[in-house]
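Assemble the whole structure, with the sequences as input and the hints as a guide.
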Amino acid sequence: MSEDLAKPGWKQIPIAGVPFKKATEYHTGDWRTFKPVIDQSKCTKCLTCWIFCPDDSIVWDGNTVQVDYRYCKGCGICAEMCPVKAITMVKEE
Amino acid sequence: MLALNGDEAVAYAVKQSNVDVIAAFPITPQTIIVEKLSEYVANGELKAYYACAESEHSAISMIVGASAAGARTFTATSANGLALMHEILYIVSSLRLPVVMAIVNRALSGPINIHTDHGDSMAERDACWIQIYCEDAQEAYDTVIQAFRIGENHKVLLPVMVMLDGFLISHTTQNVDVLEDEKVSNFVKHRIPAEIEVFGKKVPLTLNPENEVPLTFGPLDLWDYYFEHKRQQEDAMEKSREVIRKVHDEYAKISGRSYGNGFIETYNMDSAEYAFICLSSTAGTVKSLIDKLISKGDDKLGLVRIRTFRPFPYEELPKALEGVKGVAVLDRSGAFGAMGGPVYNEVRSALYDSDVHPFINGYIYGLGGRDMTMEMLKSIYDDLVETVKSGKPKRKIEFVGVRE
Amino acid sequence: MSWINLRELAKKRSLFTSGHRLCAGCAAGIIGRLVMHSVPDPKHVVVVHATGCWEVAGTIFPYTAWAVPWIHNAFENAAATASGVELAFKALKDKGVVKKVPDIIVFGGDGGTVDIGLQSLSGAIERGHNFLYVLYDNNAYMNTGIQRSGATPRYAWTTTSQVGKVIPGKLEARKPIANIIAAHGNAYVATASPAYWRDLMEKARKGIEYKGPAFIHAISPCCRGWRFPPNMTIRVAKLAVETCAFPLWEYDPETREYKLSPPSLAIAKNPKLKKPIEEYLKLQGRFAHLFKPEKREDLIARIQEDVDKEWNQLLELCGIT
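Chains as they are written, first to last, in our numbering: chain V, 1 to 93; chain L, 1 to 404; chain C, 1 to 321.
These aren't lab readings, by the way, just hints derived from the structure by calculation. Please read these numbers as outputs of a predicted model, since none were measured by experiment. Even glycine gets a Cβ: it sits at the ideal position worked out from N, Cα and C. Among the clues, some could well be false.
Derived contacts from chain L toward chain C, CB cut-off under 8 Å, selection only [stated by the list, open to error]:
no., residue
1, Asp20
2, Tyr49
3, Glu54
4, Gly70
5, Ala71
6, Leu84
7, Glu87
8, Ile91
9, Pro209
10, Pro214
So the derived label-pair ranges between C-beta atoms look like this [to be verified]:
no., chain 1, residue 1, chain 2, residue 2, range
11, L, Ile254, C, Gly96, 22 to 32 Å
12, V, Gln12, L, Glu212, 13 to 23 Å
13, L, Glu195, C, Lys211, 30 to 40 Å
14, L, Phe199, V, Glu93, 32 to 42 Å
15, C, Lys95, V, Gln12, 46 to 56 Å
Right under this line is the structure:
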């Protein structure tokens, strides 16, 4: 594979197989078909969505609940578990 | 000077070497090592954390965890125990953990056999462990101490296997000259992990959470990186050659004892026209034969004992065999279906592209503890002389000592 | 427990970071985040991980989703590896190389724990090492393609306990792994479900703080292998408890007592709350053959029998009649 030839060689990568990139550089948001949209007017900030997100893609900044769309895979658990149905799953364009 | 058998000599060396963690599972004929170590720990003579693993697979796995955390570690096993560790041996070297393990050579089952041959350690020659075969208890003691320095060297970072023949050496008492505790402690010091640069920081290559950045050990490689990781290991093996020699020479200075150049040890090779190549305790018997022949006026036989088998001394061998007309390679392990045993094959491979081309005969002997006597060695010598006289390669591997 | 302050906890990003490649909706991701948020001192924790879905998904070279020191050795030896890590840090602390011995958390799936890893786990517990072992049980060898494990429940479809004309899935009951570990006597043991997140986190904290071996058996519903839509993970994890297919309990090694956890205790006190097993089964495609083409009342009854037997046995253990 030609992309493989462009990757670093054995003299450049760390020894012992230690990874040298953080997974946060890998945006799993690309996987989505549906994305969660939070209706902030309904949100009670109970943080249930935060508890159940497998991808740490619900972010609480102390004020509001937001979705980190870089990583959200669109599983829909947040929408399913929101006690006030403040989250809707919307098809990605 | 102490009267110690091979196992006791190994345990004594470990006791002096500032080892932090020991995890092992007993198997004959290694048992005296683990029993002695337990005694030392119970008496407070050895301040290591000592655990009885519930299997060899778990023993070596515990050692992986401990070594990755940054501890100096030691374990020991034989035969099936080593075979049970097989999967993890490759992982140890891939994680670049400088583990030291004594292998008390014993035949692999089946049928189950507790006596010596080299089948167990030979089966692991591709696991990327440094492998050193010891002739006697003294060398086992000396080599265990050297092993910590070799493996932990920052250019190397590879695990080391130290071999001694089961029962013949492990259970036979010998006069062993041990160094003072302080001398050994100053030689091995304490383990200082190497540094690695990741995420813009230089940190020790360990699991220490106090490192500036946390390290991940043991990821999944796909086809795009595995080959590069293996190439790095090969590089480490090559770099270990110089380190093995240096550590051997440095140890010779503090102990007065050396084993050839650390890789091969020669005996009566100056005038030799014929040479035996072998590993471990059989070398002692060969030396006795050579002495006997010399006393009878025949000094044409010499010995090249291979001490370090991994990395293989492919450069040293041709030089050592210059002027020799015939070589008998003695393998104490079989290689079913191959043309001769592992030592035979690697010797021939080393010589093929060199300028040294004696006749090379292969002999398989001693499997499962079958004794190798002076008479049998003499018959091999006669056979070798016959080959050279005939001017034609023997083209047949002999099984010496087996009943037809 | 007052340490669980959601508003405070939620300000921190997970130590098992985003960007991992677990399937969308994977319970392991939820369990992982909850357990890592339960770590009292995130600067002094080491994770040991057995081969499996979760181990692989977090560390596809050159990426790593772990913001703490982490080691994967092999499939069957996570507990042994953790034992060695513990001994080493004790030695290193004695020598002053580290300030304190870190908390050690081990993660393993049912493959690496109940089957191939059982020996290593049992040995580590017998030796009494100090670690928390979290079994995320998705009821099969999921990473290699949904093959049956000792933890697969009776009549579940898997790729090596296929449903066909002659055999309706796995014929054997699941191995009672939490009971086996509790029987060792000296470990803190608990079962947990990510649906009861507070209970899970409290148990994780308790396990970490217990000075000795701790074991948490967490049910980890897998939308791929159990065949349900990815948004239903927590619902399934809740029904497992509500039907008593996966009751919640703890074993205290000091008092040698078993105790039901509040969600299951409520059912014990009020048996009307116990939902029929059918409600759990009908949500999962791996049990679809029990309903179509015809409803297999006999097989469903057998499963209900399994559940009831285990539940009654548990009630007895907990001293509830």
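Hints and how they fare:
1. Asp20: 4 Å, holds
2. Tyr49: At 4 Å from the nearest chain C Cβ, tyrosine 49 of chain L passes the 8 Å test, so the hint holds.
3. Glu54: 3 Å, holds
4. Gly70: 6 Å, holds
5. Ala71: Result: holds, 4 Å to nearest chain C Cβ.
6. Leu84: 11 Å, violated
7. Glu87: 6 Å, holds
8. Ile91: 6 Å, holds
9. Pro209: 5 Å, holds
10. Pro214: 5 Å, holds
11. L:Ile254 with C:Gly96: 22 to 32 Å: Cβ of isoleucine 254 of chain L to Cβ of glycine 96 of chain C: about 27 Å, so the range 22 to 32 Å holds.
12. V:Gln12 with L:Glu212: 13 to 23 Å: Given about 21 Å between the Cβ atoms, the range holds.
13. L:Glu195 with C:Lys211: 30 to 40 Å: 33 Å, holds
14. L:Phe199 with V:Glu93: 32 to 42 Å: About 36 Å separates the Cβ atoms of phenylalanine 199 of chain L and glutamate 93 of chain V, which means 32 to 42 Å holds.
15. C:Lys95 with V:Gln12: 46 to 56 Å: 34 Å, violated
The structure shown violates the earlier hints numbered 6, 15.
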